[in-house]
Amino acid sequence: MDCRDFKEKHFAFVDDTLPGIELIGMQVHLTECDVCAKQDAMVRRSLLLFRNLPSIEPSADFSSRLQQKLNAAKLADQEANSGRARKLAATVAVTSIVMLGYIAVSLRQVDYPQDIVLAPVVAIASAPGATPMSAPAPEMVASVPAGLPIWTAALLAEQAPVHFASLDLTATTR
Amino acid sequence: MASIARKQAVQPGANVREQLKAMDDSAVVTAFLGGEERAFSELVERYQTRLLNFIYRTIGDREKAEDLVQEVFIRVYRHLHRFDRSKKFSTWAYTIASNLAKNELRNRSRNPLVLFQTVQKNWQDDDRPLQFEDTTSRPDDMYRKRHLREIVEESVAKLPEHHRNVFILRELEGKSYEEIAEITDCNLGTVKSRLNRARNSFAEIVAPYMK
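Taken in sequence, the protein lines are chains P and H.
Taking this note's numbering as reference, the numbering of the first sequence is continuous, increasing by one, and the terminal residue is 174.
Taking this note's numbering as reference, the numbering of the second sequence is continuous, increasing by one, and the terminal residue is 211.
Calculated directly from the structure, the hints in this document are not laboratory data.
A virtual CB, placed ideally from N, CA and C, is assigned to each residue, including glycine.
Accuracy of the hints is not assured; some may be wrong.
Said to hold, decoys possible - Far from chain P, by Cβ distances over 10 Å, these chain H residues were calculated:
(1) Ala181
(2) Arg199
(3) Asn200
Said to hold, decoys possible - Just so you have them, the derived chain P footprint on chain H, three or more residues with Cβ under 8 Å:
(4) 28–34
(5) 78–84
(6) 100–106
(7) 152–160
(8) 184–198
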């Protein structure tokens, strides 16, 4: 072991955390190198001095001052919390009023179903070769305007003005 | 904890305090978060002196050190509900203390007036007349011994801040390298390197006074 290695590992040597082989190496180096031995002794003595410094105690009023500060901190936290709760309640109230107002305005603008103008439902004559019906009756195939779902069309079909295609065909063939 | 106190017929308060003293830090923290206010006093009692010595040795001002220790406890009180109980409470408390001490030193270096006032306070302490307790000993030896404590404290103060921190945590507080790494937010290699340098520097500064 050289002096450089010794200095690098000295902190672990002082703390007695070196593995066995390295510890022996350090001890052997101490016997061989006066400079490192002197440095080791100086460090250990100074640490002894420092570790034995008398401990300082808190002053007599430390606890009472701390208690005052803790009480003030508790009070400040409570006020902050109640302030936050009030702000949250106010935000919720304002948001609710705005939403209700928006809903109210929207409802006024909505047209009732009887105001809706429906596209006429056009009945088309069936193709030739279709099964003849027992009673001569206009055959109607409901045509659904593009984009309207079947169930909505079924509901609205009653209200839609109906033209029978057979009448129109009759009119055109004459 | 509070229910245990209620069940006791004689001196319930004392019994609770004794139970708290027997608990480890984690259990005391749990008791406090469960509603036992006296548990916080137990934490204060356990750490006030240690934190005071740590901060005082770091910043060199006893009055300010007490203020900072109180600030540590206030922050602990406010944030204990967020503390990760799988970690060591002492490491957390020392981390807060270390950061407060660092901030104090940083503020001093920026404010020459604060630095001057601190130095002036120390001058006043040196105005005391020397008293020789033992007339058979050489006066200069007595002087050196009497002021050895101040010399040791001044020598520590001469260490660079990041060395001093590690040095105090290891030599005075007995913290492990891993704990020091966590408290100072450094890696293990850095802690070991700083400790090694701090020890050698301190030994060189103090050596002339130890002859």
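Q) What are the numbers of the hints the structure violates, in ascending order? A) As far as the earlier hints go, 2, 3, 4, 5 and 6 are violated by this structure, in ascending order.
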